[in-house]
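Chemist: These protein sequence lines are chains A and B, in that order. Quick note on numbering: my numbering labels position 59 of the first sequence as 51, and the sequence is numbered without any gaps. Quick note on numbering: my numbering labels position 86 of the second sequence as 78, and the sequence is numbered without any gaps.
The hints are simulated quantities; they were obtained by calculation from the structure and are not laboratory data. Values in this document were obtained by computation on a predicted structure and should not be read as measured data. One should not assume that every hint holds.
Same chains, same names: a pair is fine if it fits in one copy or spans any two.
[Stated by the list, open to error] DSSO-like, lysine-lysine: derived pairs with alpha carbons at most 30 Å apart: (1) Lys48 - Lys89; (2) Lys98 - Lys10; (3) Lys46 - Lys5; (4) Lys10 - Lys54; (5) Lys48 - Lys98.
2 protein chains.
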Amino acid sequence: MMLTIEETAAILKLMGDKTRLTMLKLLEGDSCCVCEFVELFGMSQPAISQHLRKLKDVGLIKENKRHQWVFYNLNTDHPLYPLVVRILESVPSQQEKLLRLTEDGKRIDCC
Amino acid sequence: MMLTIEETAAILKLMGDKTRLTMLKLLEGDSCCVCEFVELFGMSQPAISQHLRKLKDVGLIKENKRHQWVFYNLNTDHPLYPLVVRILESVPSQQEKLLRLTEDGKRIDCC
DNA sequence: TGATTATATAAGAGTTTGGTTATATACTAT
DNA sequence: ATAGTATATAACCAAACTCTTATATAATCA
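With the sequences and hints as input, model every part of the structure.
Modeler: Spelled out as structure tokens, the structure:
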């Protein structure tokens, strides 16, 4: 199923932000919760929530509530998911960010 | 060669505009000159020139002066060219726009 | 040369974006 | 219940974006 050019442009525009693109790259490997992103990006919690909301509104990510946390993951059902994956392959790994988070004991280990 | 995540985000943001994404899709098949885009988009000539300049500044397109016209084409040497092509495959064809232009006798046939 | 056509650049207006702080909501645990 | 933690929303502001009009530059041609 092919989206319109406007819909596709909207997705690309959303991905064309360093913070959101990094978020998606991180979610490529693993789900993350809001407070982890806050630590990761050194940005206010509302800023993080607003980025996640935009990604969720277009269906690129899904949320998953566990305990008091809201975890996000890539939505593999999105019509552009294969394209998104291909784009993320062109982005350098951001795993060191998660490693640092783990070292600092800030990684949320839930369920 | 892999670009930084900032550089990649900048490319995606540029592609995340309906006008520029349509331009790139059109250039996927053929080169076009500024005045053709002006006709195609029904937008002022400076607006078109400014979009093309942004695409040129990041190296996504190349210019090619012939007679009094400046033709643009995709830059197949760009490090993200393979990704760009893959993205454009996910965009519906815009060929009817060129057809209409030809019907109106506005297509520039040069060299 | 001077007129015409094509393109680029500059300046400015209106809109969108991405952050902030303040506040509301929701869940957990004592 | 109440306190504490996690997340979302609202209001606001500064910066970035995308047009517009006006003007400059460059090439063609009578």
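Chemist: State for each hint whether it applies.
Modeler: Evaluation of the provided hints:
no., hint, result
1, Lys48 - Lys89, "within (22 Å within a copy, 33 Å between copies)"
2, Lys98 - Lys10, "within (22 Å within a copy, 40 Å between copies)"
3, Lys46 - Lys5, "both (11 Å within a copy, 15 Å between copies)"
4, Lys10 - Lys54, "both (20 Å within a copy, 26 Å between copies)"
5, Lys48 - Lys98, "within (24 Å within a copy, 43 Å between copies)"
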